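Student: Mapping of the sequence shown onto our numbering: position 118 corresponds to residue 118, and the numbering continues sequentially without gaps.
No lab work stands behind these hints, which were simulated from the structure alone.
Keep in mind that this is a model prediction, so the values were computed, not measured.
We put the CB at the ideal spot given by N, CA and C, even for glycine.
Ranges of calculated distance between the beta carbons of each label pair, as one might list FRET restraints:
id: 1; residue 1: Gly47; residue 2: Leu136; range: 15 to 23 Å
id: 2; residue 1: Arg129; residue 2: Thr109; range: 13 to 21 Å
id: 3; residue 1: Ser68; residue 2: Gly131; range: 20 to 28 Å
Derived pair list, reagent style DSS-like, types lysine-lysine, alpha-carbon separation capped at 25 Å:
id: 4; residue 1: Lys138; residue 2: Lys99
id: 5; residue 1: Lys138; residue 2: Lys49
id: 6; residue 1: Lys99; residue 2: Lys88
id: 7; residue 1: Lys92; residue 2: Lys138
id: 8; residue 1: Lys138; residue 2: Lys150
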Amino acid sequence: MDSIQNMGEAAGFGSRSPERNQAAVILLAEDNEDDVFLMERALREAGIKNPLSIVEDGQEAIDYLSGSGPYADRQRYPLPAILFLDLKMPRKSGFDVLKWVRSNEALQTMVIVVLTSSEEPSDISRAYREGANSYLVKPPTGEELLTMAKQFKWYWLDLNRFEGSLPMQRKG
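Please build the complete structure, drawing on both the sequences and the hints.
Tutor: Pasting the structure below:
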């Protein structure tokens, strides 16, 4: 990872500016508490200091993103810039969430990273067709998850520029 990062800097992709996207909220939509624990640990160990919110199923993800019910307070539950989205969740699937987000004009620029155990070509194809920005298969070890988190940080948080810095906060 470090060699990739160094190559990017040497190629003129810009110097690292870790503070640039530190305010970007990350929403993790994951129903497996073990995967949540592992992801939180990997993000922390990768040096990602961004605020992280967690929802446990697809309907809760939609409620959070729409500001419904307990998520109405946008000071406490700000819109995320990045959504890590599992596909196989109860109540509403990740595909349902993906469709809902991409049909909502206020959320269309949100970065959606599918993070799932499915390696099915049909799932990969469908996720991209429905608007995923990235499709990652959950790695089998904590070490590989940490490597993935470091690469995520380097690309999405160090190099990437979000439209208007962060998605627009919806009024009301």
